[in-house]
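Asks: The primary structure of each chain is shown beneath.
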Amino acid sequence: MSNAQQFDTRPVVDNESEIAVESPLAFSRHRSGAPKAKADTRVTVRERAFLGHLVLRGGAIVLDEALREVVGLGLPGEPLGLVQDEGGKRSIQWISPDEWLLIVPGGEEFDIERRLREALGDAHFSISNVGGGQTVLELSGEAAREVLMKSVSYDVHPSHFPVGKGVTTVFAKSTVVLRRPSEERWELVIRRSFADYLYRWILDAGAEYTIGVEG
Amino acid sequence: MFHIYCPHCAEHREEEEFHPKGQAHIARPMDPEACSDEEWGDYLFFRDNPRGIHHELWVHAVGCRKFFNITRNTVSYEILETYKVGEQPTITAESLSQDKKMTADGVTVADGGLQTEGESDSAVNTSKEAKV
Ligand SMILES: [Zn+2]
Chain A
1 MSNAQQFDTR
11 PVVDNESEIA
21 VESPLAFSRH
31 RSGAPKAKAD
41 TRVTVRERAF
51 LGHLVLRGGA
61 IVLDEALREV
71 VGLGLPGEPL
81 GLVQDEGGKR
91 SIQWISPDEW
101 LLIVPGGEEF
111 DIERRLREAL
121 GDAHFSISNV
131 GGGQTVLELS
141 GEAAREVLMK
151 SVSYDVHPSH
161 FPVGKGVTTV
171 FAKSTVVLRR
181 PSEERWELVI
191 RRSFADYLYR
201 WILDAGAEYT
211 IGVEG
Chain B
1 MFHIYCPHCA
11 EHREEEEFHP
21 KGQAHIARPM
31 DPEACSDEEW
41 GDYLFFRDNP
51 RGIHHELWVH
61 AVGCRKFFNI
71 TRNTVSYEIL
81 ETYKVGEQPT
91 ITAESLSQDK
101 KMTADGVTVA
111 DGGLQTEGES
121 DSAVNTSKEA
131 KV
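Just so you know, the sequences run in chain order A and B. Each residue of the first sequence is one higher than the last, beginning at 1 in full-length UniProt numbering. Each residue of the second sequence is one higher than the last, beginning at 1 in full-length UniProt numbering.
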């Protein structure tokens, strides 16, 4: 067991006077609007807010073993790999040769971190809860790939970007993690400080496809 | 635009994802306290500026954020190979000039971009120091 200090970053809401948790896009929706999908909408964007994001660093073998035990999901076997559990609720993505991003339903992350630390024992590793610093945007619809093609220089053609791949790249001059969990959906893991800019960029880039905001 | 192969991501990426970090294979002196001022100055400040083959350190700044090396021709801008830190280049000015000697039957030919024999000395030294 490592002696790193751990604390649950999620406030316990036990009475109504608690301050509500706000997504990084709360003000953006208010200021820039959230157009509803229409009959001719060809792309929709949805925020997957308040998920648990953990950055895991260390050796692949020990991390893989601990993750199988705690999350029931091993590391992706290849660079740029993305693996998910059956319901797609928990995912692990390769970020760099010694770094992976674990995303789980909001509220699970603290317990998973604690159990991972226990399982990893004295191994050389680090676990950082970055859930407060980033959020997930999901693009879907037939024109989703066209919105991406306007925004990234990375090749998003299905022959080059199959389901189960994820990359960190440049999106409209800011950094995003771009990943493809299924045929129909693309996910952007974006930083809180860029969230408003990217949300407005996507609304603008999607305007010609009558973009709709869900959720 | 360069289209650079990252040996960690194992695929080609756009140049905008990378930053150059200068000459590769610069070994820190084993015993810095025992260095002369000149040796320490060379280590800190002096870099090769070859015409032709150059080994450079780059970082995949927006991708995996790992460092790696590039063998690049400073005249044609052609990237000849990329390889991980800790590995040695398979292409050097010396290896290319030897290939030339063989093809030209013992005569070193210098054509656009590639180094002549004399100029390759500094690059040979570079790869000697390269046991990082
Ligand atoms: Zn890379």
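Calculated from the structure, these hints are not laboratory results. Computed from a predicted structure; not experimentally measured. Careful: at least some of the hints might be erroneous.
Unchecked claim - Some chain A residues close to chain B (C-beta under 8 Å, calculated; not the full set): (1) L73; (2) G77; (3) L80; (4) I95; (5) S96; (6) S153; (7) H157; (8) S159; (9) T168; (10) V170.
Think of the CB as a built atom: it goes at the ideal place given N, C-alpha and C, for glycine as much as any other residue.
Asks: Each hint needs a verdict: does it hold in this structure or not?
Replies: Here is how each hint holds up against the structure:
{"no.": "1", "hint": "L73", "in the structure": "violated, 21 Å"}
{"no.": "2", "hint": "G77", "in the structure": "violated, 12 Å"}
{"no.": "3", "hint": "L80", "in the structure": "holds, 6 Å"}
{"no.": "4", "hint": "I95", "in the structure": "holds, 7 Å"}
{"no.": "5", "hint": "S96", "in the structure": "holds, 4 Å"}
{"no.": "6", "hint": "S153", "in the structure": "holds, 5 Å"}
{"no.": "7", "hint": "H157", "in the structure": "violated, 13 Å"}
{"no.": "8", "hint": "S159", "in the structure": "violated, 13 Å"}
{"no.": "9", "hint": "T168", "in the structure": "holds, 5 Å"}
{"no.": "10", "hint": "V170", "in the structure": "holds, 5 Å"}
In summary, the structure is inconsistent with hints 1, 2, 7 and 8 from the numbered list given earlier, while agreeing with the others.
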